[in-house]
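Peer 1: Work the whole structure out from these sequences, hints included.
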Amino acid sequence: MIKKIALAAVTLALVGVAADAQTTTPRKGGTLRMTAPYGTSLSSLDIHTTPRAQDGIVAKLIHRSLYKWDTAANKPVVELATSVTVSNGGLTHTYKLRDDAVFHNGRKMTADDIIFSYTRIMDGSKGYPGARWIRNIKGAVDVEKNQAKEISGLRKIDDGTLEITLNEKIEPGFALMADTTSILAKENIESGNITSNPVGLGPFKFKEHLPGSRLVAERWDKFYKPGQPYLDRVFVLVMGEASARDVAFRNNEIDLSILGPAQYLAYKNDPDLQKGVFEVAEVFTRNMGMNPAHKPFADKRVRQAINHAIDTDLVVKRLSKEKAYRATSWLPLTSPAYDKALKPYAYDPEKAKKLLAEAGYPNGFEFEWMTSQNESWGLPIVEGVLPMLDKVGIKAKVRLVEAAVLTEVIPKGDYQAYLWSNATGPDPLAALKCYHSQTPRTACNYVGFNNTDYDKLVDAAGAADDPAKRLDLMKQANAMLYEEAPVWFFNYNKAVMAYQPWVHGLQPNATELTHQYGEDLWVDEKSPVAK
Amino acid sequence: MRLRVNLVMGGALFALAVGAAVLAPLIATHHPFLDANLMNSELPPGSEYLLGTDKQGRDIYSRIVWGAQISLMVGVVSQLINTVIGTMLGLTGGYWGGKWDDFVSGLTNLMLSIPSLIFALAIIAVLGRGLMSLLIALGLTNWSFTCRIARASALSLKSQGYVQAAKTLGYSDMRIMLTQLLPNMVGPIIVIGTLGMGGAILAEAALSFLGLGVQPPWPSWGSMLSDARDAIITGQVWIPLFPGLAIFFTVLGLNLLGDGLRDVLDPQSKVRSA
Amino acid sequence: MLLLTLRRLAQMIPTVAAVVLTIFVLFSVVPGSIASSMFDDGRGMDPQVMERKRKELGLDKPIHQRFVDYVGKLATGDLGRSFKYDVPVTQVLADRMGPSLKLTLAAMAFAIVIGIPLGFFAALKPGSLGDFGTMVAAVSGLSLPKFWLGLMLAYLFALQLKWLPSFGYGDGGLRYLILPAVTLGVSPMALFARTTRAAVLEIMNADFVRTARSKGMGEVRVVSWHVARNVLVLVLTAVGLQFGALLSQAVVVEQVFSWPGLGSLLISSINDRDIPAVQGCILVIVLFFLAINAAVDVAYSLIDPRIRYG
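Residue numbers (my numbering), protein chains in the order written: chain A, 1 to 531; chain D, 1 to 274; chain B, 1 to 310.
I should point out that these hints are in silico values taken from the structure, not numbers from a laboratory.
The model shown is predicted, which means the values in this text are computed figures rather than measured ones.
It is possible that some hints are incorrect.
Here are the computed lysine-lysine pairs in the BS3-like style, where the Cα-Cα straight-line distance is at most 27 Å [stated by the list, open to error]:
no., chain 1, residue 1, chain 2, residue 2
1, A, Lys-149, A, Lys-96
2, A, Lys-395, A, Lys-351
3, B, Lys-73, A, Lys-126
4, A, Lys-207, B, Lys-102
5, A, Lys-68, A, Lys-156
6, A, Lys-126, A, Lys-156
Peer 2: Encoded structure:
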């Protein structure tokens, strides 16, 4: 026994030494200049009201949710609690909460704060986006319908212990890690200050906001991770234009910048810049949805024909500039249920023409393709694909709309075809459930897919207790989607971020690369704003 | 001497643009958007693709030449609409006077109070994108100047002898306006119209740049520039350069032409605004 | 003068009322609801939530009712709440006013300071090479598409020469203002150059100047006093007219340089269908423009007492 311990101790020591030799110690101090690239502004400082990725960037600095996304292991882990025990057949989770989590106004967090935040989110008259996550908790729907004042599935055992009972057996971490379920302080909300001076549990506290321009956050000294955060200050600069970010990055005016396809290529070929390029396969699938209500699209052969008619690899190479992974089916590369053995649709215009003829369209047909101005999954792609469809006789008419219109019109089914990017993770079952016939178009079954065999597979996967069996069933469902081709499978997003050589601590967040947990980031002396 | 230079240079540039637009089907080397091959994307100017290719592998030269059709058509038609509206309102307002004139003046002031691009943006936001909306939006935003000129001319001319004579002869108002008054204000109106066309082409480019102009996949010079924003950074400067030059030279031509015409048709012009 | 100012301000009112009506009518017809602007992460939306939002924002009331509400609120200075930011529109506008004003004034200053002297210089030696060169440059300046110019300038000065920052407002310092202001100011500058030159030439040949010269007044005095004053009147017209164009064109320039002014707010609000913000933006821009015009008119009376408005 002693020998074992000694052996373990020696091994640990060796590993420790080796590790120390490799990693550098994070330096305390300095300013980090991040960019918010998804638009010309932040929506709101009240994180409960906005699900936008843009606002999530700020949320990762100022707020915390019950769970956090473990970027290395690619799964959710509990954050505001030190332990969680599961009981009652997987329906009840009991959390031993942290006692060192302090709000930026100095008050300690207790179970009441979690109950307050979740209850606020279920206020039916307000329509908070986080409701879709909290609805998983038993009794939440009653509050939403105004039939109850409290969520019955939330039970405070004491200030430091909270019991959550769910409606069904799912992993709550996927839902409760969302920024829209952040734990907020009651007094901050009731005083109305939440929209101008938000208070949170995150490593940085809010300092100032110049709308359309930037937000500043400063180190919160009472953050519960000792020694962290390392940075004194973080700037979040709103810069929606990729070319503007590019010039600013080269000028060393910003530290982090999300790259579009054009810049990706330029940076990879630049001997200096290529060292600071961070790539992560994200959990988004870009696709062209085909509405079966438009007659040709109701036939599976037509949909498959389109997948064959488009030289997707070439589009990914030339238009996406390799800043994407060719899509095989619905689930993305990083998904545990992704099947490497499945081969993507081959580029075969002859086969496409044959399939079209078989389906009764030997001379092709017309359709209206709705798209937005997005450079990764918008007009430039449509314009590049147009000639390929034309070659097999399919005439596509382009309809350019604002991104906001897409979000509105598609769930109504008011389209013939669209080009879009949809979240297909991090929970693979949730992504597959989108094609379940019971899922409404307004939720995420945008093409109104309806296939009984598919439904059976997904139901079985949800009920399975054995994780291996679950995985296998999900793979089968994914393969069926490939065969049915409800969409043209375009690509999975490759998020690419350029970072300056003095920036450290970046996390490979597959859910959204711009979402960096602030406490792990630091800059060394080489930064021009290291002081 | 100068006026000849203006007329000649301006006329030549404008004729070049019009020629390109009219002859587009003949002089284009490729189809503006179906003849695209991603394998050939972003090639510099060469023998097969005269001015290079863009991101989708489309021939820039052909797109500029076809784009001339759209850009010029928008410029000409919208300015025509503006001129007709402005002339009619100004002419009738100045000639008839009274309540109608008050209304016209008020309307003109209102239009002058709303910056034109903003008004065009608002109209497009309401009507949705598309060629029709673009023409309507641009056609409704630039008539105030023409109106003022027409009105001022009508006011000063209506007391002239021959006009009075025509009235006593029993000519109808319409006839008087069209045959007596209109010909005398044609000069300044043409000048403003020519200059306005240049403005309309720039406005179309700006709106297309903002994504609110001509709808794809037919090219317009403005939308070609919008597509090309990134190309500068990666050094493919030919992608935004040539459409930009096309706009520049065409508008320059119109401006020179307008100046030249003014020197010829309206040397006493009090309206030295543009 | 006070009377004149008051009268001009009073004359603005019906115009403003008409603008408000026009804008409101225009935008009440906009298709598509706003709710989508609030939930655009492509992850699916709740129809119940959207319906509730519509009711909350009063979008289900008939149009005349909405107009009455709108005007009523306007009277108290309430421009409504932005759909997207969920704060009063006045607050959103207030945040963007500063940068917009800075940009517009800087561009105007640039245009005046460079354009007018250029015009003078050209007019003093008509027909010379300098005159010709200046005028060619001026007409070219009027023919350039602004966003193209902005991109090229950013490329040259920020990327290649690294003299200036390429984007944004930064800390509000002067360095960030230069490229946007120059881009925006080029065409008014060209216009002022041409207008000044034409005005100076016209006046130099005018009778009263010849009379003054024949009376023996020193050349310099003639030029500086009579000419300058009359030129100023004509130039002032141009300046007043240009402000409107400047406010419009600022929209495009703000997009290119990520400048957080009213222009970029207008574009993003249109894209997001944030109607109250769009209405508020347009209203402010128009009011500003009208105010400038009124100010120009008042300034006229100061410069040339012969000009009166009956």
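Peer 1: Now, for every hint given, state plainly whether the structure supports it.
Peer 2: Now for the hints, and whether the structure bears them out:
1. A/Lys-149 <-> A/Lys-96: holds, 25 Å
2. A/Lys-395 <-> A/Lys-351: Measuring from Cα to Cα gives roughly 18 Å; hence the hint holds.
3. B/Lys-73 <-> A/Lys-126: With a Cα-Cα distance of about 23 Å, the restraint between B/Lys-73 and A/Lys-126 holds, given a limit of 27 Å.
4. A/Lys-207 <-> B/Lys-102: Between A/Lys-207 and B/Lys-102 the Cα gap is close to 24 Å, so the pair holds against 27 Å.
5. A/Lys-68 <-> A/Lys-156: holds, 21 Å
6. A/Lys-126 <-> A/Lys-156: Answer holds: A/Lys-126 to A/Lys-156 is near 25 Å, not above 27 Å.
Comparing the model with each numbered hint stated earlier shows that all of them hold.
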